[in-house]
Amino acid sequence: MLEKEGQVRIPAGCAISGFISRDGNRICGDKIVKSISYMHDRSNGLGGGFAGYGIYPEYKDQYAFHIFYDSNEARVETERFLDRHFDVVNLSRIPTRKHPNITNEPLIWRYFVTPLPTKLAASQLDEREFVAQCVINVNDRINGAYVFSSGKNMGVFKAVGYPEDVGEFYRLEEYSGYAWTAHGRYPTNTPGWWGGAHPFALLDYTIVHNGEISSYDANRRYIEMFGYKCNLLTDTEVITYIFDYLNRKQKLSLEDIAKIIAAPFWSEIESGKFSKEETEKLKYFRNVFSSLLITGPFSIILGFDGGIMALNDRLKLRSMVAAEKDDMVYLASEECAIRAICPDVDKIWSPRGGEPIIVKLNQK
Amino acid sequence: MALNYFQPLFEVIRDKDRCIKCQACARQCSNEVHKYDAELDMMISDSQTCVDCQRCVTICPTRALKITENNNQFRTNANWSQQTMTEVYRQAESGGVLLSSMGNPKPYPVYWDKILLNASQVTNPPIDPLREPMESRVFLGKKPRNVSFNEDGSVNTKVTPTLELSTPIMFSAMSYGSISRNAHESLARAATELGIYYNTGEGGLHKDFYQYGPNTIVQVASGRFGVFKDYLETGAAIEIKMGQGAKPGIGGHLPGQKILEDVSRTRMIPMGTDAISPAPHHDIYSIEDLRQLVYSLKEATEYKKPVIVKIAAVHNVAAIASGIARSGADIIAIDGYRGGTGAAPTRIRDNVGIPIELALASVDQRLRDEGIRNEVSVVVAGSIRSSSDVVKAIALGADAVYIGTAALLALGCHLCRTCHTGKCNWGIATQRDDLVKRLNPEIGYKRLVNLVHAWDHEIKEMMGGMGINSIEALRGNRLMLRGIGLTDKELEILGIQHAGQ
Amino acid sequence: MKKVYVNEEWCLACHLCEYYCAAANSGAENMIKAFANGNKPIPRIRVEEGSKINFAVQCRHCDDPICVKSCITGALSKKDGIISCDETRCVGCYTCVLTCPYGCIVTSENSKVIQKCDLCLKNNNGDPACVKGCPNKAIVLEER
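If you read the protein sequences in the order shown, they are chains A, B and C. If you use numbering that gives the first Met the number 0, the first sequence corresponds to residues 0 to 363, in order. If you use numbering that gives the first Met the number 0, the second sequence corresponds to residues 0 to 500, in order. If you use numbering that gives the first Met the number 0, the third sequence corresponds to residues 0 to 143, in order.
This is chain A alone, in the form it adopts within the complex (with noise of 0.2 Å):
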């Protein structure tokens, strides 16, 4: 029998795609999809999704959690436990629509969450932290059930199929947000399980990535340390959970997590390039968080609340092409994704190796 995703690891080629309204303008769910379609034999049937932020403003304050059920059973479990942890405000099972492609769904739920405050206290962690921890436990300790995005006013939608197919089925015309991003994956072994489609989620942070890293046991075993199960057994797993912990809980910044994760060689870090002050930071991180390097090919997009970061390995071994058009920004694995939504774009350019864009909204 093959083994599902989390049981073995499979690694996969991919096409990747984002973009956001630095005036925060709700753009309707269907671009992202004619974005990833240009990408079509970029992917392989086997896995795509997408992720919208800002599409949830009715329930802005919220934790929205999409979770795939095998069973009821599963659901009737992680229920009690939602309901053990957290207000449930809505639920309901996602709306989708029959597609000739995509089949054997889950059941596909959503509930929008707040965290009991008895319970809060009690765990003497801050929010965010406790909905991370009860996500980690509900995918790590309840058989069948998998949280699938867990960030408020933002959502991930994803499933077996081409990304085209994944979009018609998830209805995402019928959703706007101010940045998305999306996934076609090429996986080399047949995972035939929806958790394992991209973009990958903790919280708000969310992940599309095009690579395969090559340090991937190095940054999983260390990540583990804090708290953190890397089920999956995928990249974008484990680089999202690089960023949660970084950012959310060493509150470095974006720009210096890519100096972590796709740190500068020595031989620039010490071409006298850099400022005192800069060299002696980069040469803190490579010390203190060598473990969190990742070398390898990627192509990684982030989403986040209130904007988007796009980075590639320090070699530049996977394609990325970024542009810009009045207050849009496009990435994207390929050109033609960008086009296709945004013919006459202002500028547009390969970033380098190892050096981020990050790009927020406006005003937030």
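No wet-lab data here; the hints were simulated from the structure. One thing to keep in mind: the hints can contain errors.
Within a straight-line C-alpha distance of at most 30 Å, the following computed DSS-like cross-link-like pairs (lysine-lysine) qualify [stated by the list, open to error]: (1) A:Lys272 / B:Lys157; (2) C:Lys51 / B:Lys445; (3) A:Lys33 / A:Lys272; (4) B:Lys422 / C:Lys136; (5) A:Lys228 / A:Lys248; (6) B:Lys65 / C:Lys131.
In this text the structure is predicted, and so the values were computed from the model without any measurement.
Using the hints provided, position chains B and C relative to the given structure of chain A.
Quick look at chains B and C alone, frame taken from chain A:
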């Protein structure tokens, strides 16, 4: 005269057609195996005292010599091997403890040889170290638990004292006394040129070598030989030696005949007295005592130097390492049962301790499980034989390795395992002036530099194949390893999958 | 100019330099042939042994060479810093053997002409056999 129960272990074979009777063999053999007989005008060899150090073979200008095992055989017995029987004869004659040198030579499994490395194919690219930067620099020491920020919001980049290595290889502790001054000088100069560290062992530091202090790890062992303020202040790091892989649970004994003037001054003990290191540190009977010594040494050196605690790999090594990680030590060095020694009781060397591969795997996992892997760096020793052993050790979770035996091999050692006799023909494990001078540090240090450079190249080549361009992305990266011919239990302890999985 | 120097600190008195020298200057193809049939070619370098100090000695190529002055036929001459012997002119008077303060000019086992170190110019392209053969870098060819 009593019967001689001891058959020669080796046989000297001389090709008379090639021998030109230059007598270099006779002049170079400290065991007096070879002799020139002027009356017969021929070279005569008495194999009885030959230790198979290969000095004569190597120096013979016409390659007329070879040494083989003596094939004289006792009656075959699967239970009582000839060696076992001979050891009984030896003890029946001497009434003493059997002594041996260098590492455990018994045919126990070598796990390094049952682990295979990965390489990239198709889904991600291998990296060519000749075309792309490839980094092998490592830092050893504690890492802060959390990033702290200065008042202006910038990252506070202060860290506790750290060792910076150009490549994750250091020279193991070998004391001046157990090895010669010239061997020490070779190690010190090589470490300096390479940007790595060598280790004084427990014999103190010769005044002439204080100049290499920035690349020296000074050791504090149970005998406290040669330990004083200047010594501690000179080293780049201080190592507390709790144990040694070749002889866990045993102290040291450098016989008085090796304590000549220079050694005596360096060790700070009278000439001719035996230097006996107790089995325990008599101020450390428990883990809390270790903490006190760690902090005493830190106090004495104003918290400017990292402190290493070196232990032998024994059965509960993971728990011990966890205790050490919480003792304030910055680095743990673990020495496996194959680790070398200048002299150890044979029974201890051959039967006590565990393989470094298993010890490393369980220590690294234990420290991670407890979330304290960042509190310490882990250095492993005890038979790292090649660059692939280094790569496997790092992928299992080590920060760096110590090499001792391999370094001595670079200096000429042929593992004849008779260091304890003090008659080392290669000028390494001896204090006899005429023998010591056979090791010219000018040659020795260059050979060490060559060795480490060669390994560094190979490490980079293997990393590149795996698509890794910096050594830190290899550390603990056990997915890059697969076992071959290992049981489920062994795989579980090593934390790796079997080849084909 | 580069000359052969000896670091007595590292000389082990193994005498190998003598054998490498003798073989190299014997004209034989290899060392075994050079010493075959009881042959004992005479080396142009000689190891002096003491209880603690040993060192090899060969022609110092003196600045003011007394051997050249004493040569009655002009066979010995100094050119480019190297003293060498023109074997066709040497008559075997051995005056040089007697005058050399270092004892570095030796007789030959099978002819009357003298022989001395010429830094292996004639047989090894100036890559002295003693230097190459020294196992401990006690003999070096260098500028000082």
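Each hint, compared with the structure:
1. A:Lys272 / B:Lys157: holds (22 Å)
2. C:Lys51 / B:Lys445: Given that 30 Å is the threshold and the Cα spacing comes to 26 Å, the pair holds.
3. A:Lys33 / A:Lys272: Between Lys33 of chain A and Lys272 of chain A the Cα gap is close to 42 Å, so the pair fails against 30 Å, i.e. violated.
4. B:Lys422 / C:Lys136: holds (22 Å)
5. A:Lys228 / A:Lys248: holds (16 Å)
6. B:Lys65 / C:Lys131: holds (23 Å)
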